[in-house]
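Given chain A, put chain B with the ligand in place with the hints provided.
Line by line, the protein sequences are chains A and B. When we follow full-length UniProt numbering, the leftmost residue of the first sequence carries the number 1, and every step to the right adds one. When we follow full-length UniProt numbering, the leftmost residue of the second sequence carries the number 1, and every step to the right adds one.
Keep in mind that a hint or two might mislead.
[As the list claims (entries may be wrong)] In silico DSS-like links for lysine-lysine, alpha-carbon gap of 27 angstroms or less:
hint	chain 1	residue 1	chain 2	residue 2
1	A	K105	A	K75
2	B	K161	B	K131
3	A	K353	A	K251
4	A	K105	B	K408
5	A	K251	A	K231
6	A	K231	A	K353
7	B	K131	B	K168
8	B	K166	B	K154
9	B	K165	B	K154
10	B	K163	A	K353
11	B	K457	B	K408
12	B	K462	A	K115
13	B	K168	A	K353
14	B	K165	B	K131
15	B	K131	B	K169
16	A	K254	A	K231
17	B	K154	B	K169
18	A	K105	B	K462
19	A	K75	B	K457
20	A	K251	A	K75
21	B	K154	B	K168
22	B	K462	A	K75
23	B	K251	B	K408
24	B	K169	A	K353
No lab work stands behind these hints: they were computed from the structure.
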Amino acid sequence: MQLIFCALFNDQSFDKSTRVTRKILTNPKHVNYQSNSLRSPAKEKLIMFGLAGGDPRLSFKRTIAYGDLAIVYEKHEIMRPIIVTPNAELHNRFGVFMHNDWVGKPFGSRVLSVKGVQGYVYILAATPEIWTLCLQHRTQILYLADISLVIMYLEIVPGCLVLESGTGTGSLTTSIARSVAPNGHVHTFDFHEQRAQSARADFDKNGISNLVTVGVRDIQGEGFPDEFQAKVDSIFLDLPQPWCVVPSAAKMLKQDGVMCSFSPCIEQVQCTCEALASQFTEIRTFEILLRHYEILRDTGATSEMESGNSRKRKHDPSSVNDSIATTTTVFARPCRFAKGHTGYLTFARLKFKSS
Amino acid sequence: MEEGNTTNAHEDSQRVTWEGCSVLLDVNDGDRFVFARLTTAATLSVGSYQIPLGPLIGRPFGSLFQMRTGPDGPFLIEDQSKASSDSQHTNGADTKENGMDWKNNQSKDNRALNDTNTAQNLQHSDIVEMKREGVSGDQIIEALISNSSTFAEKTVFSQEKYKIKKQKKFAPKVLLRRPWARSICEAYLKKKPVKIGYLRFDTLSLMLASANVSGYSDVLVVDQTGGMVTGAVAERLGSTGNVCCTYLGLKSYPIDIVKIFNFSPDLCSRILQSPLPVLSSVRVEDTQILQNPVNSIPSEIATTNSLLNSTPSQVSMTNSPLNPTPSQISMTNSPLNPRPSQIPITCADIVKIDVSSRQSIPSPKDHLEETSDCTDMNLKCTDKAFERRKVSCNPGQNATQARVNLWKERGFTSLIIAAPNLDLDSLVEDLLPLLTYSAPFVIYHQFLQPLAVCMKKLMTSKIAIALRISEPFIREYQVLPGRTHPFMEMNGFGGYILSGIRVQEIPES
Ligand SMILES: C[S@@+](CC[C@H](N)C(=O)[O-])C[C@H]1O[C@@H](n2cnc3c(N)ncnc32)[C@H](O)[C@@H]1O
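For reference, chain B alone in the conformation it holds in the complex:
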């Protein structure tokens, strides 16, 4: 079949990890997500354990590992016990049993349970001793159960819960995942939502769809989500098309999340950056471009970025009002960061499970350290394989003048703005003319007001049509026989998006 060719050897090799590859580790069924770069030296810390990640190299994505402790300390081995490998709602056998019982069998309930802390006869020192002897986590759990005076009285459901709790502590599980836009976004939202501007994955998906991002696209983005948007766009480009991150001021916005995706060097080379003044500089050369054959072939290496240097006045002019001052940032940040009492609702799991206190609000300066921190220390390791890869894959190069000219000639095919710290009105005014007619655009914002004002302005200017502000609502369900309901906790707000289509202006008459 012809289609057999559509996924080549390279794609298939991506389903197995390699040394230096970026992975997402799902620790204990989604309790915690860790991005790591796999090297022989890398380790993962779970509780008090430092677990070497070497055994994960060369393993297929989707493999599940469980920690064991041996005389040489903790180590990961591939988990063979499939039955216990799933979280509550995926464990078929158990849930089925419970399901059949749910209407009548409530014989055990918690009326006889007293919370006295004396139910466990095993001492802490006993457990430490067992660990030192290399007793497996499962055996420790067994010991805990047989020494618990109340375990037998618990309902099946809470017995299960108890076991899971102990398993997480003494025999943590690590699931090997491929980092994709969705999983990266979800992990950041749980772990460090500020970094990605509180972008929810469903909102992100809506933005990509509304902006019609696909192969052959030339997507213009303003990305203040640390590279989340840029990476998600690049993922959709495949082997064709470009994404151009534009920015105001002298420094481009950090896009280091892009490095978590395992993009090929070719794809990385199509993730470009260009300052706004360069993109929107007068189109005098347009006529030349049409005649100049050089521009039809993007001979990028040869061309220098002359315009960049020739317009310093423009750069600094645009720079001053829009480059946010520290005070502006903290201003914008404060309402996004809800009252302390509300934080645990959004990122409860992380607050509980993530030992470190990584919740500080980032200032633009510490963006870089912040990433290595957030993506775990494993990213810092200076293994040779990693270094080599890093060199070959360097997203965010400056777009060459030839490329910029091409964009000017043809226009971008879509625009995505996720820039909470910039003034939307002037940004949109500058960016929309860079799009080709009929090109869709989307603007993400945490607040409704700026989008409403922007929408009204666009309606008046008639440079865009099909304008719409929407807000996605997503709710996850627990599905269990007789116990199906929405999860008690949810993310109640995913931001707003304003979408529209750029069209031919109405000529002044």
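The shape of chain A in the complex, shown without the other chains:
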């Protein structure tokens, strides 16, 4: 597990933490651990939102243990997934941290650096939302706004059986898995062997592999497997030519089931809607975007420029003066950088077939 994950870090664009991870890879102690840690896949562990087994309610408060997927929160929007490993070190701009120090503390704890800069980071439990922000992109992915609308509109609740294609990086799949848990399932298909493999590894790491099955299949060419016929609650498509899959989707859905197709181009939407018309009803197309706001504090620093977790900074006169801060006005404005488009979401409900 750890091996795969470090390898992922390895292809990441280079920044400080990447270099650190490489260092860990070459650390003899670490290599040692890896060889004997391969025995324990993440399966029986409760990693993401504690769904994989045991008493998940307790797991949320569960403390950090070796082998866990933890999210290192450095500062605003800078979060990194990491597998907690014995004797491993984490180097970043806030100092040098020992994984050993984290073990036994609850997720959400603040941990201090042991060397270098006197700083701190937070060790968080992963959620699908955090995962979407810090996963390793292998394809274009869906983000929070689209994901949340899809989950709600597709009426995905615990116990649902959901089909998806293509899997891509598994950003959406992870959220679907969370929503069908504990007794539902999502079958996701991608025709790209390698991507399917990497997605499986990610699901395993996140402790959701018992909720997700990744299949390798050309969905546009062959449609979904017949075994799901009339059994499926909802279907999601993120494919170049989703209209090819509409007849198969209609076959798989339960009566009154809903499907959704995500396409970046309006021409794709046009074709999809035409294909949907004969067997589906309530066909609706949406575009959803998020606008983020930054707030201006009295020092002139905005929340986006929020400085990191240096312990020294507490005494830094240039940072916010608390007594003044509570009395001055807070200004808010939209962030300058925003996504202008992700894709169109087309939803449709299977027409009622009177039997």
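Same frame as chain A, now just chain B with the ligand:
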């Protein structure tokens, strides 16, 4: 396949209506939404008609019905003519034809049409007579068309429009829908947005995702959206986890929208309420809890809510500044209610189609009547089946002390605040410590300022990280060959949300 078991018989039976079940009726392709409780006595009023809803019982969700008039008055029968069953953008055959024509065939346009009100030769009395004779709606429409002197001159598009308009009036269609968080939210937004705090369904979906709501969650909510948020959270819990509605003052906030969801009695029993002073009372008993085996098993029935009674001073203390006075409410309401000229933009359809004048601003007192009003009179009927169900499904019970202790020990796994009338800063200060570390939270508000102030405060206190204020933008599209564009009217504002993650405080040093 293993997965075959994931949806059990109960789930499947939910796809067919039963007597006493709550349904969403989509009248005339989304012109109007009515929540109704299906009983043999229930009726739906459309225009001047009172249509009995009995025929809808035991029918699959998704079925489409059309009104016919007979000698015994109007009745609903299942619609067989699939071709005409869809609104403009779903009717494949027609749109395709139009689509192929759109570039060159504009031979007919409206230059010759004069609006003189003399185009229709059929008199009102003729129509009344036809109705009395039990002539079907479709036939009346045919008669209207053949008596219209201008119909033939209209473009295909406006001919279609004319037909739809007449169909809606004389042969209304009723689509049977399962009430889900999305459809309930959308219907309320159209019909009675004040009640749900103008919450848009995309905003609601963002809140649920950002709060990581799923099975096994223990979600703390402050719900002043009439139960919209609570119901949506409960829907995501499935057969595990709890939602706890907390409140300030002596009276919990109404959550009657929860009853529109067809929740099982088990799920209803996990929708709990607890006053804030009880939840945040000193944690002296924490040490006891850890040793006391009783608390590891939530033996709720036996335990009494002792703390509730033991802290009257706390209750009344918190009560006074935060229980909004009537003047505060109207204050908050006025800016939310845009200038009259703007209202039709947000809820145009309802204003036009909904005959009644149900647009009054609710005061906390009339919340209950308001619901029965809003969810249509059908909810009021005292059918036995309904009553039985109501008894077995009673959301919003007080959380037992054992449950409260459990929450104190473990912390809530997420927090959702949708409380336009409360002071955010003090609320957040009280509620965040009730969360376990690493738990996400979201706060919904109609105004940016309180969230900005709250965010700044949290940044300073360092009890929360990953703070972000966001505003969703959603736009719906008309997709037709050659005529694809965003809808002309949209809901331009869905509120703001502040999201973040609760973390370990920095110790004083
Ligand atoms: C944009 S990605 C999906 C991203 C995903 N929704 C996410 O959030 O991570 C599209 C995926 O579809 C896959 N794909 C393309 N054509 C396919 C086909 N005919 N059958 C199965 N998968 C296909 C591609 O390999 C690619 O991984």
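Going through the hints against the structure:
1. K105(A) with K75(A): 20 angstroms, holds
2. K161(B) with K131(B): 22 angstroms, holds
3. K353(A) with K251(A): Judged against 27 angstroms, a Cα distance of about 12 angstroms means the pair holds.
4. K105(A) with K408(B): 18 angstroms, holds
5. K251(A) with K231(A): Holds, at roughly 9 angstroms.
6. K231(A) with K353(A): This hinted pair holds, its Cα atoms lying about 15 angstroms apart.
7. K131(B) with K168(B): OK: K131(B) and K168(B) at ~15 angstroms, within 27 angstroms.
8. K166(B) with K154(B): 15 angstroms, holds
9. K165(B) with K154(B): 14 angstroms, holds
10. K163(B) with K353(A): Roughly 25 angstroms separates the two Cα atoms, so the pair holds.
11. K457(B) with K408(B): OK: K457(B) and K408(B) at ~24 angstroms, within 27 angstroms.
12. K462(B) with K115(A): 23 angstroms, holds
13. K168(B) with K353(A): Holds, at about 23 angstroms.
14. K165(B) with K131(B): The hint holds at about 17 angstroms.
15. K131(B) with K169(B): 12 angstroms, holds
16. K254(A) with K231(A): Holds. K254(A) to K231(A) sits at ~5 angstroms (cutoff 27 angstroms).
17. K154(B) with K169(B): With Cα atoms ~20 angstroms apart, K154(B) and K169(B) stay inside 27 angstroms; holds.
18. K105(A) with K462(B): At roughly 18 angstroms apart (the allowed maximum being 27 angstroms), K462(B) and K105(A) satisfy the hint.
19. K75(A) with K457(B): Answer holds: K75(A) to K457(B) is near 17 angstroms, not above 27 angstroms.
20. K251(A) with K75(A): 47 angstroms, violated
21. K154(B) with K168(B): OK: K154(B) and K168(B) at ~19 angstroms, within 27 angstroms.
22. K462(B) with K75(A): 12 angstroms, holds
23. K251(B) with K408(B): 22 angstroms, holds
24. K169(B) with K353(A): 26 angstroms, holds
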